[in-house]
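Participant: With the hints as extra help, turn the sequences into a complete structure.
Those protein sequence lines, which keep their order, are chains A and B. The first sequence begins at 1 in UniProt numbering and counts up one residue at a time. The second sequence begins at 1 in UniProt numbering and counts up one residue at a time.
Please note that the accuracy of each hint is not assured.
Quick partial rundown of chain A residues pointing at chain B, CB under 7 Å, derived from the structure [what the hints assert, rightly or not]: (1) A361; (2) S415; (3) P418; (4) S428; (5) S440; (6) A443; (7) R444; (8) S445; (9) R446; (10) H447.
With a straight-line Cα cutoff of 35 Å, these simulated DSBU-like cross-link-like pairs (lysine-lysine) come out [what the hints assert, rightly or not]: (11) B:K136 / A:K390; (12) B:K174 / A:K390; (13) A:K427 / A:K438; (14) B:K106 / A:K47; (15) B:K94 / B:K30; (16) A:K388 / B:K94; (17) B:K84 / A:K437; (18) B:K84 / B:K30; (19) A:K388 / B:K174; (20) A:K427 / B:K39; (21) A:K394 / A:K437; (22) B:K94 / B:K28.
The hints are simulated quantities; they were obtained by calculation from the structure and are not laboratory data. Remember, it's a predicted structure, so these values are computed and weren't measured experimentally. Cβ coordinates follow ideal geometry from the N, Cα and C atoms, glycine included.
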Amino acid sequence: MSKLYTFHGGIELPENKQQSTGRPIGTPPLPARLCLPLSQNLGNPAKPCVAVGDRVLKGQRIAEADGTVSAALHAPTSGTVVEIAPRAFAHPSGLAETAIVIEADGRDEWQPRQGFPLWQSAEPAEVRRFLRDMGVVGLGGSMFPTSLKLASETLDTLVINGAECEPYISCDDLLMRERAADIVAGIAIVTRLMQPKQVLIGIEDNKSEAIAAMRAACMNTPYRVVAVPTKYPSGSAKQLIRVLTGIEIPHGMRYTDMGVQCFNVGTVYSVCRAVEHGEPVISRIVTLSGAVARPQNVEALLGTPVTELMAWAGLSPRNDGVILGGPMTGFRLSDLSVGITKSSNCLLGSSPKLFPPRPPAMPCIRCGECADACPAKLQPMDLFWFAKTKDFGKAQERNLFDCIECGACSYVCPSQLPLVDYYRFAKSEIWAAERDKKASDRARSRHEFRLFRIEREKIEKAQRLAERSTAAKAAPQTATTAGTNSHLTPSAEDKSAAIKAAMERAAALKATGKESPVMQSEEAKQAAIQAAMERAAARKAAREAAGETPLQPPSASDEAKKAAIQAAMERAAAQRAAQAAASVGLPETPAAPIVPNNVLDDAKKAAIQAAMARAAAKKAEREAAEVNQRSGAAPATNALDDAKKAAIKAAMERAAAKKAALDTADAAPPATDTSPAAPAAQPAAMDDAKRAAIKAAMERAAARKAARDAEQGRDTEQDKDS
Amino acid sequence: MIGLLIALAIMAVLALLLGAMLGFASVKLKVKADPLVDKIDALLPQTQCGQCSYPGCRPYATAIAVGEADINRCPPGGEDGIRKLAELLGVDYKPFDEGTAAQKPKSVALISEELCIGCTLCVQACPVDAILGAAKQMHTIIASECTGCELCIAPCPVDCISMVPVGTTLKNWKWDYPVIPIKPAPTKAA
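Facilitator: Here is the structure:
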């Protein structure tokens with residue numbers, strides 16, 4: 001018998017375990033529906049690999065791990081996937097989380113089970129991958145992927161946690177009593193993977209039957225079953241390691257750094273089931289206790305709704321809710337339809353008699369009871385003060401993050417302060433601040449890079465320009481050589497051919513647009529797209545003509561100009577078509593005349609206008625369709641009551657407003673078109689682009705206002721309708 | 001007399017030596033940037049939204065450091081931000097001016113993809129390069145990088161950008177501040 005150590009603090013609690021240990025592990029009836037949330041731990045939610053309507057077999061993988069700290073999910077029974085949607089989730093926040101809902105078909109049909117019989121000789125990495133695919137996670141509560149925990153290289157001590165210190169919970173106790181052989185087989189697999197020097201199985205001395213069963217199962221193995229004194233929270237990994245090995249984990253270190261690894265008995269059991277029997281984690285032992293008629297442990301399929309389990313255990317009618325987890329660390333469920341997850345170890349029926357509400361909190365009297373009880377050797381009263389005054393920096397300095405939230409301090413507090421609630425609040429605030437900090441740091445670096453990029457582009461452009469100007473100076477001397485000319489002419493021909501083709505296409509489109517008014521909107525859109533494409537081509541051509549062919553500047557710019565004019569014409573046509581489509585009841589407004597003074601500016605302006613017109617057309621079309629619907633529906637019903645009349649009137653008013661908006665939009669362009677002349681008169685004044693931008697903004701504002709008015713009109717009309 | 005000269009010479013040599021040391025130190029151990037600007041910049045939310053009338057967070061930080069700007073001009077930072085700045089600079093807390101835009105819940109921009117015409121105006125406006133798109137191609141916002149500065153909304157010619165508040169998810173959910181319910185004490189029957 002080796003020496004046992006003790007940890008600081010800790011409390012003795014009424015155990016209340018005997019209620020649920022009297023019966024063997026039961027099997028509740030197969031639930032009709034299982035709800036499996038995809039989010040399981042701190043990592044990413046799992047990625048579904050089935051679709052709604054798929055039939056799944058028991059043990060089939062339904063979601064894959066997405067990222068390192070994520071775990072796979074498997075179908076707990078055979079059936080059909082009926083939904084992949086946000087569902088209530090077992091979490092203190094009560095937020096919904098995407099879940100896979102399976103409707104059981106009652107056959108409970110397994111898929112072919114494939115274990116990993118060669119684990120003795122296989123590479124550890126292969127076994128780890130296998131366990132990852134089987135969805136094996138820490139069943140003690142963290143749901144951290146076991147495959148990651150198995151990866152540490154040097155190991156002195158492997159601790160198997162069977163302490164289970166929290167009151168009422170007895171699922172590990174029953175598991176050890178009934179399935180000790182499988183647990184030991186699981187330990188063998190883990191030992192093979194990690195090669196520890198010693199294996200210690202820690203069980204609290206109030207579970208004599210479990211200790212006996214485990215000792216019997218470990219008879220011919222080097223694993224040592226150690227009975228540890230019953231003291232809350234000896235089931236916490238750090239505290240159990242302290243008790244068994246005397247190692248205290250310093251602040252900022254993990255126990256793996258100290259050569260110790262710790263697994264829950266349930267986890268090693270599921271390792272054995274996966275490797276030896278090919279069964280993924282699809283069920284777990286859950287303690288049903290508290291205010292229930294038949295407290296006991298059950299092997300529940302994952303996703304079983306809490307309501308069904310509590311109904312099976314006979315939840316007392318005088319209950320005031322259900323607590324998930326133990327009375328110390330658990331939380332009250334806000335929605336009882338949630339499915340149980342891999343970490344749901346206990347469901348407690350709560351009643352005012354069993355769990356009376358906490359008496360009102362009194363001021364802290366600095367008695368120090370909490371510091372005596374704290375198993376992490378913290379000063380809970382200091383942390384409380386700092387959390388209360390939101391002085392999170394100081395709280396962090398006092399090692400707030402070493403708090404394991406065991407609740408011992410809250411339990412002993414004579415002033416009944418909800419201390420752990422304060423620590424949780426402070427922790428989540430600190431995490432949020434860290435997230436914000438990270439986000440703002442990223443934003444800063446992205447912004448700085450953007451500034452750098454803009455600067456770089458400017459320099460590059462200046463360099464290019466300089467090169468080009470020197471090339472242009474050099475060009476007249478070399479211009480006479482025939483080689484460059486013959487090299488350039490074909491591309492110019494290509495371009496003009498392309499422009500011609502585009503013109504023809506546009507003409508054809510225009511014709512069809514006028515002939516078939518039914519397809520107007522579609523064609524208007526197409527024409528607009530076409531026009532945009534052609535415009536781009538023309539612009540490109542212009543740019544190329546300007547930049548790359550300094551040999552024939554006059555003809556090139558002529559061509560560009562021609563192309564621009566053509567494009568403008570097409571644009572106008574497109575706009576007209578769009579407006580025609582838009583105005584089911586509106587008169588056709590003439591498109592803005594465009595003076596191709598400043599080609600690029602014009603093109604830009606026109607693009608914006610076209611875009612606006614298109615947007616307006618779309619809106620108007622939608623509304624027109626609405627009007628049509630209404631006016632079509634009205635005679636059919638033969639009940640042209642007042643409300644409907646009013647609706648039509650409103651629609652008409654809306655149409656008028658729209659028309660006004662279009663008119664303003666169209667009235668503006670001529671004004672815009674005068675702007676290119678302005679810089680000539682005022683060379684020092686604002687440049688074209690700025691002016692155009694301001695104009696465009698004004699027009700946009702006007703259009704927006706009109707749209708808003710129209711929308712308001714629609715809203716009021718809807719009100720009337722309803 | 002000689003004693004006096006010796007004393008003067010010693011003092012002069014000392015002064016020269018110490019001066020040289022100081023000069024060397026000031027050159028060699030020079031702090032490159034103004035650390036105050038960095039410190040202020042670290043407190044600003046980095047939305048780069050320009051609501052402070054400076055073209056970004058760093059220019060605003062510089063303006064605060066030289067005493068040009070007040071500390072109460074950053075709506076995204078909120079009152080918390082003003083408090084932190086006041087603490088750093090050792091000045092009094094100063095509330096927002098009247099008419100300053102209120103702090104909005106964190107939201108990210110969303111491009112309505114069927115309306116986008118691919119004009120790239122928003123791409124050019126985005127201070128953190130969080131908009132992906134090319135000319136004549138539909139654009140989209142990288143939501144994880146969007147700071148919610150709203151600078152892309154104004155340039156959009158078709159008004160297809162809207163701000164969508166970031167809801168609470170499991171990843172950003174926070175525990176509430178513990179509220180202790182106050183109940184009337186049960187009166188004992190005499």
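Participant: Indicate, hint by hint, whether the structure satisfies it.
Facilitator: Taking the hints in turn, this is what the structure says about them:
no.: 1; hint: A361; in the structure: 5 Å, holds
no.: 2; hint: S415; in the structure: 11 Å, violated
no.: 3; hint: P418; in the structure: 5 Å, holds
no.: 4; hint: S428; in the structure: 4 Å, holds
no.: 5; hint: S440; in the structure: 4 Å, holds
no.: 6; hint: A443; in the structure: 4 Å, holds
no.: 7; hint: R444; in the structure: 5 Å, holds
no.: 8; hint: S445; in the structure: 9 Å, violated
no.: 9; hint: R446; in the structure: 4 Å, holds
no.: 10; hint: H447; in the structure: 5 Å, holds
no.: 11; hint: B:K136 / A:K390; in the structure: 50 Å, violated
no.: 12; hint: B:K174 / A:K390; in the structure: 14 Å, holds
no.: 13; hint: A:K427 / A:K438; in the structure: 16 Å, holds
no.: 14; hint: B:K106 / A:K47; in the structure: 27 Å, holds
no.: 15; hint: B:K94 / B:K30; in the structure: 34 Å, holds
no.: 16; hint: A:K388 / B:K94; in the structure: 24 Å, holds
no.: 17; hint: B:K84 / A:K437; in the structure: 14 Å, holds
no.: 18; hint: B:K84 / B:K30; in the structure: 27 Å, holds
no.: 19; hint: A:K388 / B:K174; in the structure: 15 Å, holds
no.: 20; hint: A:K427 / B:K39; in the structure: 24 Å, holds
no.: 21; hint: A:K394 / A:K437; in the structure: 18 Å, holds
no.: 22; hint: B:K94 / B:K28; in the structure: 39 Å, violated
Of the numbered hints given earlier, the model fails hints 2, 8, 11 and 22; all others are met.
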